Amino acid sequence: MGQRVAISTAGEGAEAFVPPPLPPVPSVRMDRLYRPLERANRAIGRLDGVTSILPDTPLFLQMYVRKEALLSSQIESTQSSLSDLLQQVLENGDWEAWLEFFLDGIAETSLQASEAAREILALFEADRHRIEDLGIVREVTGKQCGRLYVYSDYLDILSRGTEPL
1 MGQRVAISTA GEGAEAFVPP PLPPVPSVRM DRLYRPLERA NRAIGRLDGV
51 TSILPDTPLF LQMYVRKEAL LSSQIESTQS SLSDLLQQVL ENGDWEAWLE
101 FFLDGIAETS LQASEAAREI LALFEADRHR IEDLGIVREV TGKQCGRLYV
151 YSDYLDILSR GTEPL
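Each residue of the sequence shown is one higher than the one before, counting from 1 in my numbering.
Just so you know, these hints were derived from the structure itself, not from any lab. Do not rely on the hints blindly, as some may be mistaken.
Listed below are the simulated SDA-like cross-link pairs for lysine to any residue, each with C-alpha atoms no more than 25 Å apart in a straight line [unchecked claim]:
(1) Lys143 with Asp133
(2) Lys143 with Ile131
(3) Lys143 with Leu121
(4) Lys143 with Glu119
(5) Lys143 with Ile120
(6) Lys143 with Gly49
(7) Lys143 with Leu155
(8) Lys143 with Ala122
(9) Lys143 with Arg130
(10) Lys143 with Tyr154
(11) Lys143 with Asp156
(12) Lys143 with Thr162
(13) Lys143 with Glu132
(14) Lys143 with His129
(15) Lys143 with Arg118
(16) Lys143 with Glu125
(17) Lys143 with Ala126
(18) Lys143 with Asp153
(19) Lys143 with Leu123
(20) Lys143 with Asp127
(21) Lys143 with Phe124
Across the chosen pairs, the derived CB separations fall in these ranges [to be verified]:
(22) Asp127 with Arg35: 48 to 54 Å
(23) Glu38 with Gln112: 14 to 20 Å
(24) Ala116 with Val5: 32 to 38 Å
(25) Ile44 with Ser81: 22 to 28 Å
Computed from a predicted structure; not experimentally measured. Ideal placement from N, C-alpha and C gives every residue a C-beta, glycine not left out.
Build out the structure end to end from the sequences listed, making use of the hints.
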């Protein structure tokens, strides 16, 4: 569990703790893991790209947390598979199967989250057009990026009695 050793620094004695050495690196055949890792990286990259175009980052974070909960429930629903794989790691050092299982789950959940974000963006765009066409809101900047919409009737009520004298 490590040991304490006496050391001397600048003429002063002190005691230091030296932790035990780390266990050896498990021999993992990475060639079987490249494809799932590549898929997971691509999915995470797509999610990262989606965050730059989302109008509301907290909305994305809430969705991401829900997707993480989905991954957790998938792991719980496949508890026997996970337990079997972890047992194989303990008995045979078979890290590849466990990592592949885990990365597949991450890739699948990331793809689902990415698709949901695309659908939500399309829904926002369609609803924005519908609300604008109904005259409920109007765009006031005239820009393509950083648009600002005004709910005029609502603002008229709020601004009553605030006109300058």
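To see whether the hints hold, each was checked on the structure:
1. Of the supplied pair hints, the one linking Lys143 and Asp133 holds, its CA atoms being roughly 18 Å apart against a limit of 25 Å.
2. Using a Cα cut-off of 25 Å, the hinted pair Lys143 and Ile131 holds, with the two alpha carbons roughly 18 Å apart.
3. About 19 Å separates the Cα atoms of Lys143 and Leu121, which keeps this hinted pair within 25 Å; it holds.
4. Straight-line distance between C-alpha atoms of Lys143 and Glu119 comes to about 24 Å, which keeps the hinted pair within the 25 Å bound.
5. Pair hint Lys143 plus Ile120 holds up; C-alpha atoms about 22 Å apart against a cutoff of 25 Å.
6. About 22 Å separates the Cα atoms of Lys143 and Gly49, which keeps this hinted pair within 25 Å; it holds.
7. Taking the CA atoms of Lys143 and Leu155, the gap is about 21 Å. The hint holds against a cut of 25 Å.
8. Of the pairs offered as hints, the one joining Lys143 and Ala122 holds, with about 19 Å between alpha carbons and a cut-off of 25 Å not exceeded.
9. Simply put, Lys143 and Arg130 have alpha-carbon atoms about 19 Å apart, close enough for the 25 Å limit, and the pair holds.
10. Proximity of Lys143 to Tyr154 is assessed by CA-CA distance (about 23 Å); at most 25 Å being required, the pair is judged to hold.
11. Under the criterion of a C-alpha separation no larger than 25 Å, the hint pairing Lys143 with Asp156 is consistent with the structure, at around 24 Å.
12. For the hint linking Lys143 to Thr162, the alpha-carbon distance of about 29 Å lies beyond 25 Å, and the restraint is violated.
13. Taking the CA atoms of Lys143 and Glu132, the gap is near 15 Å; set against the 25 Å cutoff, the hint holds.
14. Taking the CA atoms of Lys143 and His129, the gap is about 15 Å. The hint holds against a cut of 25 Å.
15. For the hint pairing Lys143 with Arg118, the CA-to-CA distance comes to about 22 Å; that is within 25 Å, so the pair holds.
16. Pair hint Lys143 plus Glu125 holds up; C-alpha atoms about 15 Å apart against a cutoff of 25 Å.
17. Among the hinted pairs, Lys143 with Ala126 is consistent with the structure: their alpha-carbon atoms are about 18 Å apart, no more than 25 Å.
18. For the hint linking Lys143 to Asp153, the alpha-carbon distance of about 22 Å falls within 25 Å, and the restraint holds.
19. In summary, the hint linking Lys143 to Leu123 is supported, as the alpha carbons are separated by about 21 Å, within the 25 Å threshold.
20. Between Lys143 and Asp127 the CA atoms are separated by roughly 19 Å; this keeps the pair inside 25 Å, and the hint holds.
21. Among the hinted pairs, Lys143 with Phe124 is consistent with the structure: their alpha-carbon atoms are about 18 Å apart, no more than 25 Å.
22. A hinted range of 48 to 54 Å for the beta carbons of Asp127 and Arg35 is inconsistent with their spacing of about 39 Å.
23. Under the hint 14 to 20 Å, the C-beta atoms of Glu38 and Gln112, about 18 Å apart, fit the expected range.
24. The hinted window of 32 to 38 Å between Ala116 and Val5 is violated, with their beta carbons roughly 55 Å apart.
25. At about 23 Å, the beta-carbon gap between Ile44 and Ser81 stays in the expected band of 22 to 28 Å.
Consistency note: the structure conflicts with the earlier hints numbered 12, 22, 24.
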